[in-house]
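Going line by line, the protein sequences match chains Z, C and P.
Position 52, counted from 1, in the first sequence is what numbering that gives the first Met the number 0 calls 51; the numbers after and before it change by one each time, with no gaps.
Position 20, counted from 1, in the second sequence is what numbering that gives the first Met the number 0 calls 19; the numbers after and before it change by one each time, with no gaps.
Position 66, counted from 1, in the third sequence is what numbering that gives the first Met the number 0 calls 65; the numbers after and before it change by one each time, with no gaps.
Bear in mind the hints are in silico, worked out from the structure with no lab data behind them.
Incorrect hints may appear among the rest.
No copy is singled out in the list; a pair is fine if it fits within one copy or between any two copies.
Derived pair list, reagent style DMTMM-like, types lysine to aspartate or glutamate, alpha-carbon separation capped at 25 Å [to be verified]:
hint: 1; residue 1: Lys-46; residue 2: Asp-92
hint: 2; residue 1: Lys-64; residue 2: Glu-4
hint: 3; residue 1: Lys-46; residue 2: Glu-101
hint: 4; residue 1: Lys-21; residue 2: Asp-83
hint: 5; residue 1: Lys-21; residue 2: Glu-53
hint: 6; residue 1: Lys-64; residue 2: Asp-92
hint: 7; residue 1: Lys-46; residue 2: Asp-102
hint: 8; residue 1: Lys-64; residue 2: Glu-101
hint: 9; residue 1: Lys-46; residue 2: Asp-15
hint: 10; residue 1: Lys-21; residue 2: Glu-89
hint: 11; residue 1: Lys-46; residue 2: Asp-3
hint: 12; residue 1: Lys-46; residue 2: Asp-19
hint: 13; residue 1: Lys-64; residue 2: Asp-19
hint: 14; residue 1: Lys-64; residue 2: Asp-15
hint: 15; residue 1: Lys-64; residue 2: Glu-53
hint: 16; residue 1: Lys-21; residue 2: Glu-54
hint: 17; residue 1: Lys-46; residue 2: Glu-89
hint: 18; residue 1: Lys-21; residue 2: Glu-4
hint: 19; residue 1: Lys-64; residue 2: Glu-54
hint: 20; residue 1: Lys-21; residue 2: Asp-92
hint: 21; residue 1: Lys-46; residue 2: Glu-26
hint: 22; residue 1: Lys-21; residue 2: Asp-58
Predicted model only: the values in this text are computed from it and were never measured.
Residue-level listing of the chains:
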Amino acid sequence: MSDDEIKMVVAVVRPDKLGDVKQALAEAGAPSLTVTNVSGRGSQPAKTGQWRGEEYVVDLHQKVKIECVVSEIPAQDVVDAIADAAQTGEPGDGKIFVLPVEDAVQVRTGESGPEAV
Amino acid sequence: MSDDEIKMVVAVVRPDKLGDVKQALAEAGAPSLTVTNVSGRGSQPAKTGQWRGEEYVVDLHQKVKIECVVSEIPAQDVVDAIADAAQTGEPGDGKIFVLPVEDAVQVRTGESGPEAV
Amino acid sequence: MSDDEIKMVVAVVRPDKLGDVKQALAEAGAPSLTVTNVSGRGSQPAKTGQWRGEEYVVDLHQKVKIECVVSEIPAQDVVDAIADAAQTGEPGDGKIFVLPVEDAVQVRTGESGPEAV
Ligand SMILES: Nc1ncnc2c1ncn2[C@@H]1O[C@H](COP(=O)(O)OP(=O)(O)OP(=O)(O)O)[C@@H](O)[C@H]1O
Ligand SMILES: Nc1ncnc2c1ncn2[C@@H]1O[C@H](COP(=O)(O)OP(=O)(O)OP(=O)(O)O)[C@@H](O)[C@H]1O
Ligand SMILES: Nc1ncnc2c1ncn2[C@@H]1O[C@H](COP(=O)(O)OP(=O)(O)OP(=O)(O)O)[C@@H](O)[C@H]1O
Ligand SMILES: [Mg+2]
Ligand SMILES: [Mg+2]
Ligand SMILES: [Mg+2]
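Only chain Z is shown next, with the shape it has when bound in the complex:
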């Protein structure tokens, strides 16, 4: 038990790491998650390229956002599982953020609080 605290772990990672992250989360005991297709950029300047003689700029890269709300499992375990599964060591591996959550409700049962996560 993590003292009734609820956290939302938000990770933005490479799309081809989604499968590994899902498996790592299930193994960490936190299988529930929500996935969104996003695009983004990090701290590197935009890359320029050439296509049929035209110069173009790639400044947003396809990523997936994974949101995983937990209460029984410590957020740190979820963060570690995601970071480990998503890492390649190359620029663009992504970021993980931990946000506080004040309440949760399971729609099917109407139950609320940490037990509802």
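With chain Z held as given, fit chains C and P with the ligands onto it using these hints.
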């Protein structure tokens, strides 16, 4: 008035419940919302099926995420309205989370704080 | 330095303002961001129209959501940069919300805390 507090209510529900949720929110006095197409899984193990003799696994289900930031209307009223409108009683009905928000700005006017929500 | 605090600035703006917002954020020293295609409605009642003699209701408008997590740069600077770049003065310009973030991890390095943002 809920004491100047701003909350973000984040709900992940069945796509075919979006219409009912929008109507319920308007009736609760909280019509403003942002909708994202997402996919996700809850606590049930993945389902396996057969297609043309091949086994496949359905592990992510299409859902919609609804974000509704409120200040005058209590977050609890918004949560109750969504939960009531989105419930079928079957597994997969979704979850609702309440997050703290520290500030809000209305872009058109530049106004900030709870009044800007 | 803003005292080790990490904030997530969430903005929902007109899609055709994304370019201006990206440039404004880069100029403000906060180039990193995540973009999601969303739809939504604000406080105005839905608009009705006519198409081939049929009445229809437009109640969700296409928007983009921009998430920008910062620690060194004050969240207020990011909010101001986005609001300034996204404003037209017409209804529908969007909203900006500031959420607290408790921790951040850079996946490539495993580094955590405000330095990892
Ligand atoms: N501060 C941030 N705010 C919001 N989204 C971010 C932030 N930093 C990174 N992201 C998201 O994560 C994705 C990957 O970022 P990336 O890994 O390139 O970060 P970085 O800081 O440049 O680190 P690296 O040097 O390892 O590339 C971005 O495309 C963006 O979607
Ligand atoms: N802890 C969570 N974190 C993030 N997203 C979640 C979480 N739990 C559920 N979701 C989202 O809500 C959707 C529906 O979840 P679901 O209703 O199946 O939850 P559940 O815990 O399995 O409850 P039930 O037993 O009623 O099915 C998931 O597909 C996912 O997108
Ligand atoms: N309270 C809110 N919660 C969640 N999303 C919101 C909220 N208010 C606005 N949005 C998002 O921002 C988009 C634009 O909103 P909009 O600018 O129309 O807000 P408004 O309050 O009606 O202000 P205005 O009078 O300037 O139009 C909406 O389509 C929705 O996606
Ligand atoms: Mg990078
Ligand atoms: Mg379920
Ligand atoms: Mg409006």
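Now for the hints, and whether the structure bears them out:
1. Taking the closest pair of Cα atoms, Lys-46 and Asp-92 come within 25 Å of each other only inside a single copy of the chain (16 Å); across copies the shortest separation is 30 Å, beyond that limit.
2. Proximity of Lys-64 and Glu-4 under a CA criterion of 25 Å is satisfied in both settings, with 22 Å inside one chain copy and 22 Å between copies.
3. Within a single copy, Lys-46 and Glu-101 get their C-alpha atoms no closer than 40 Å, and across copies no closer than 31 Å, so neither meets the 25 Å cut-off.
4. For a Cα distance limit of 25 Å, the shortest separation of Lys-21 from Asp-83 inside one copy, 12 Å, qualifies, whereas the shortest one across copies, 30 Å, does not.
5. In the homo-oligomer, the alpha carbons of Lys-21 and Glu-53 lie at most 25 Å apart only across protomers (22 Å), although the nearest pairing inside one protomer, at 39 Å, exceeds that limit.
6. In this assembly of identical chains, Lys-64 and Asp-92 lie within 25 Å of each other by CA distance both inside one copy and across copies; the values are 12 Å within and 21 Å between.
7. For the homomeric pair Lys-46 and Asp-102, neither the shortest alpha-carbon distance inside one copy (42 Å) nor that between copies (29 Å) is at most 25 Å.
8. Within a single copy, Lys-64 and Glu-101 get their C-alpha atoms as close as 21 Å, and across copies as close as 18 Å, so both meet the 25 Å cut-off.
9. Taking the shortest Cα distances, Lys-46 and Asp-15 sit within 25 Å of each other both inside one copy (21 Å) and across copies (22 Å).
10. Within a single copy, Lys-21 and Glu-89 get their C-alpha atoms as close as 21 Å, and across copies as close as 24 Å, so both meet the 25 Å cut-off.
11. Proximity of Lys-46 to Asp-3 under the C-alpha cut-off of 25 Å is found in neither arrangement, the shortest distances being 45 Å within a copy and 31 Å between copies.
12. For the identical chains of this complex, Lys-46 and Asp-19 are inter-copy neighbours only, at 18 Å across copies versus 28 Å inside a copy, given an alpha-carbon limit of 25 Å.
13. Taking CA atoms no more than 25 Å apart as the test, Lys-64 paired with Asp-19 passes in both settings, with 14 Å inside one copy and 23 Å between copies.
14. Taking the closest pair of Cα atoms, Lys-64 and Asp-15 come within 25 Å of each other both inside a single copy (12 Å) and across two copies (23 Å).
15. Within a single copy, Lys-64 and Glu-53 get their C-alpha atoms no closer than 32 Å, and across copies no closer than 30 Å, so neither meets the 25 Å cut-off.
16. Taking the closest pair of Cα atoms, Lys-21 and Glu-54 come within 25 Å of each other only across two copies (20 Å); inside a single copy the shortest separation is 38 Å, beyond that limit.
17. Only within a single protomer do Lys-46 and Glu-89 lie at most 25 Å apart by alpha-carbon distance; the minimum there is 15 Å, versus 34 Å between protomers.
18. Taking CA atoms no more than 25 Å apart as the test, Lys-21 paired with Glu-4 passes inside one copy only; the shortest distance there is 23 Å, against 30 Å between copies.
19. Proximity of Lys-64 to Glu-54 under the C-alpha cut-off of 25 Å is found in neither arrangement, the shortest distances being 30 Å within a copy and 28 Å between copies.
20. With identical chains, the CA atoms of Lys-21 and Asp-92 are at most 25 Å apart both within one copy (16 Å) and between copies (21 Å).
21. In this assembly of identical chains, Lys-46 and Glu-26 lie within 25 Å of each other by CA distance solely across copies; the values are 17 Å between and 37 Å within a copy.
22. Only between protomers do Lys-21 and Asp-58 lie at most 25 Å apart by alpha-carbon distance; the minimum there is 10 Å, versus 27 Å within a single protomer.
The earlier numbered hints that this structure contradicts are 3, 7, 11, 15, 19.
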